[in-house]
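Taking the hints into account, I'd like the entire structure generated from these sequences.
Listed here are the chains, written in short residue letters.
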Amino acid sequence: MICQECNQRPAALHFTKIVNGEKTEVHLCEKCAQEKGEMFMFNGEAGLSFNNLLAGLLNIDPSFKQPSQSPFHQEEILQCQHCSMTFPQFLKVGRFGCARCYETFQDQLKPVIRRLHGGNWAHNGKIPKRIGGSIHLRKQIEELKHNLRESISREEFEQAASIRDEIRQLEKRLSASHEGGE
Amino acid sequence: MSLERFLNQAVSSWMSKDGPDSDIVLSSRIRLARNLEAYKFPTVFSHEEAKRIISDMENLLRQETMPKFGPMELLKIDEMQPLQKRVLVEKHLISPNLAEESPYGAVLLSENEEVSIMVNEEDHIRIQCLFPGLQLAEALEAANEMDDWLEQHLQYAFDEKLGYLTSCPTNVGTGLRASVMMHLPGLILTHQMGRIIPAINQLGFVVRGIYGEGSEALGNIFQISNQITLGKAEEDICRDLMGVVSQIISQERSAREALRKTSNIQLEDRVFRSLGVLTNSRIIESKEAARCLSDVRLGIDMGYIENISKTILNELMILTQPGFLQQYAGGPLRPHERDIRRAALIRERFQMEFKKFGEE
Ligand SMILES: [Zn+2]
Ligand SMILES: [Zn+2]
Chain A
1308 MICQECNQRP
1318 AALHFTKIVN
1328 GEKTEVHLCE
1338 KCAQEKGEMF
1348 MFNGEAGLSF
1358 NNLLAGLLNI
1368 DPSFKQPSQS
1378 PFHQEEILQC
1388 QHCSMTFPQF
1398 LKVGRFGCAR
1408 CYETFQDQLK
1418 PVIRRLHGGN
1428 WAHNGKIPKR
1438 IGGSIHLRKQ
1448 IEELKHNLRE
1458 SISREEFEQA
1468 ASIRDEIRQL
1478 EKRLSASHEG
1488 GE
Chain B
1418 MSLERFLNQA
1428 VSSWMSKDGP
1438 DSDIVLSSRI
1448 RLARNLEAYK
1458 FPTVFSHEEA
1468 KRIISDMENL
1478 LRQETMPKFG
1488 PMELLKIDEM
1498 QPLQKRVLVE
1508 KHLISPNLAE
1518 ESPYGAVLLS
1528 ENEEVSIMVN
1538 EEDHIRIQCL
1548 FPGLQLAEAL
1558 EAANEMDDWL
1568 EQHLQYAFDE
1578 KLGYLTSCPT
1588 NVGTGLRASV
1598 MMHLPGLILT
1608 HQMGRIIPAI
1618 NQLGFVVRGI
1628 YGEGSEALGN
1638 IFQISNQITL
1648 GKAEEDICRD
1658 LMGVVSQIIS
1668 QERSAREALR
1678 KTSNIQLEDR
1688 VFRSLGVLTN
1698 SRIIESKEAA
1708 RCLSDVRLGI
1718 DMGYIENISK
1728 TILNELMILT
1738 QPGFLQQYAG
1748 GPLRPHERDI
1758 RRAALIRERF
1768 QMEFKKFGEE
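Sequence lines, in order, name chains A and B.
Terminal number for the first sequence in this note's numbering: 1489, no gaps in between.
Terminal number for the second sequence in this note's numbering: 1777, no gaps in between.
The hints are simulated quantities; they were obtained by calculation from the structure and are not laboratory data.
Do not take every clue at face value.
What the hints assert, rightly or not - DSS-like cross-link-like pairs, simulated, lysine-lysine; straight-line CA separation at most 30 Å:
(1) A:K1452 / A:K1417
(2) B:K1578 / A:K1479
(3) A:K1436 / B:K1485
(4) B:K1468 / B:K1485
(5) B:K1578 / A:K1446
(6) A:K1417 / B:K1578
(7) A:K1338 / B:K1704
(8) A:K1338 / B:K1502
(9) A:K1399 / B:K1578
(10) B:K1485 / B:K1434
(11) B:K1468 / A:K1399
(12) B:K1434 / B:K1493
(13) B:K1493 / B:K1468
(14) A:K1452 / B:K1578
Here it is in structure tokens:
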């Protein structure tokens, strides 16, 4: 595949840009990618390319440049209380200053995260064992409730009853763990 | 001294062992990004914070040993020579970013180099497991075990909704990057990569060459990895990547068979010419070496060449990089001197193969 910018060198950088819901395929050689400011790290770890693209990606969306046209919001710059990073700073470097930034910027962040992760917004993977005790319980309860609805719809009432008991057990454990001062 | 031990074992297990589908897949890697709740991310943290993170890790290693991987050695970036760092980068044990831009960084290495943990790179902790052949599930299991062990002793930054919080939002959620290194000469020779790469991108995976600078994939070696880290379970990310990889494997195999059918003698000629170059040249640039090594490896896989081990490609791609060559030479080398060294090293390595099989 040939670079779409210079039509000379072979394309080395391939990615899909999504701007306002519209998908565009981009194929660039390293030189043109650099010139376009979409630096591609060839020697870094996989995915680094994407980190470097992030700032570029974010700036493309006009809704991020001017969060609001209302004069009331002009003075307001969101800043993380813990690490003092501001949202414009984050846009520039593409990295957060601390874990709490995620909470501070959550409203601005949601569309960004969706765009980066194929529309996904919620973690669906591993939960750390030690700090995730109550999270585990809640997930288990959720799953059981789903099973309960299914057995009821299949009219398997005996099974439904035993699932309900199990849910009660777990709920007891959950409230106990909260009272335990976590 | 202990560093010497690591560096002297120039060949790590993933380079010298065969794994499943190793005619095409050279290695599988899992990386998990983790951060500690109590500290700011490396983008903005203070030197004191950085030092405290390292000493936390040191204390942990002093008190406990992770049963599965044995004792881990901690090497601090600011205490290493440039050449030592470069060799670790060339072995894929640390990233160029850790070596060059993380003065407060460190790396923990297991004795067999299957596991390495980068400290204070882009994230506080990056666990990496590298296995030979196609062994993503095995690598994930190993990384998870290391992760579970660390989590018993450290307080991770974890959010119920978003999962593991990372310095860059491209890694948030699982913090998982799964990648597979593949040798794809058949697809290159039959001009199919241009068609395949966009298709893989479409599925949310990234393809790139890992050796050489610029647009070329030296040695026809490509790395395929996931882009999305949030919303899918770790096992599903790996399973999806496995799906893509097995597609590529079967396409590469049919390309090789097509080549055998249509241009058998030309292919055989190419393979043996390259073997001739590698075993006889006195000066060789990395580009030419990579091309010839790829040809020879293809020749081994397709049965044209016998009595040379497959792992020679993997091994020599790594050992003929500038850092290793200079270590082998015992000092700095100018580019032209490197080319001479490289040729000598390759010839010597092939001599070892011939001797080994001659004695049998
Ligand atoms: Zn171009
Ligand atoms: Zn912050």
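**Request:** Sort out which numbered hints this structure fails and list those numbers smallest first.
**Result:** As far as the earlier hints go, not one is violated by this structure.
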